[in-house]
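Engineer: Read off the chains here:
Number of protein chains: 2
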Amino acid sequence: MTDWLEQISWNGEGLVPVISQDSATGKVLMMAWMNRESLQITVETKRAVFFSRSRQRLWRKGEESGHVQEVEDIRIDCDTDVILLKVIQHGDIACHTGRESCFYKQLQDGNQWVDVDPVIKNPDEIYNK
Amino acid sequence: MTDWLEQISWNGEGLVPVISQDSATGKVLMMAWMNRESLQITVETKRAVFFSRSRQRLWRKGEESGHVQEVEDIRIDCDTDVILLKVIQHGDIACHTGRESCFYKQLQDGNQWVDVDPVIKNPDEIYNK
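Protein chains in written order, with numbering that gives the first Met the number 0: chain A, 0 to 128; chain B, 0 to 128.
Heads up, some of the hints might be wrong.
Copies of the same chain are indistinguishable here, so a pair counts whether it falls within one copy or spans any two.
[Stated by the list, open to error] The list that follows gives simulated cross-link-like pairs (lysine-lysine, PhoX-like), each with its CA atoms no further than 25 angstroms apart:
| hint | residue 1 | residue 2 |
| --- | --- | --- |
| 1 | Lys45 | Lys26 |
| 2 | Lys45 | Lys85 |
| 3 | Lys85 | Lys26 |
| 4 | Lys120 | Lys26 |
Bear in mind the hints are in silico, worked out from the structure with no lab data behind them.
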């Protein structure tokens, strides 16, 4: 039964945008993309697996960093073209810059993006272990 | 000064995905798209204005329903290709179905989408006033 997969409005590239939200804090951690295969694996393993558009391959979130996202809830929106995951973020770091969330640049004074959230761990320590 | 606009990684259609999150509850309300013009107006008016891909025109959120989104914070992610708004959701309804959030369909048993959130107000009452 893959009706639930076919009910999704995949875009022209066979992808759907996916928002990850920390289930404990409510913080929006990141947005990435999934194809059918990555969503199926996500559902089966309860670990977020995305599709990397730049590398054109499956991207098992945390495969290098260990910062996996354990999936607690999967929602789709009214238009069936955006997915929302509620996750437990292992290591409390979702961003490759070593920050909790990827959304750390704030628009200030209506004319500049300013980094406002702290780096929790140096990326060199995350990726060159 | 529109450097901040040019620093955004607009997609091939000149759009960027935008997540709206309720600043009070932390609930993710919806995801839609903006072009340069809609983002500029959003920043100037502090009201969310999207770009409707289906209608190919500006979409002033709440223009018919009155359910405007008052923007308190604007973030962009590490790749500068996704925007996150923290908003005050007027009327407590973001979805055209009359629900608080557009993400009301939950994946259950790994094989079916089930509507789990209540309709707060009948859409007929919202749009045919």
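Engineer: Could you tell me which of the hints above the structure violates, numbers in ascending order?
Structural biologist: none
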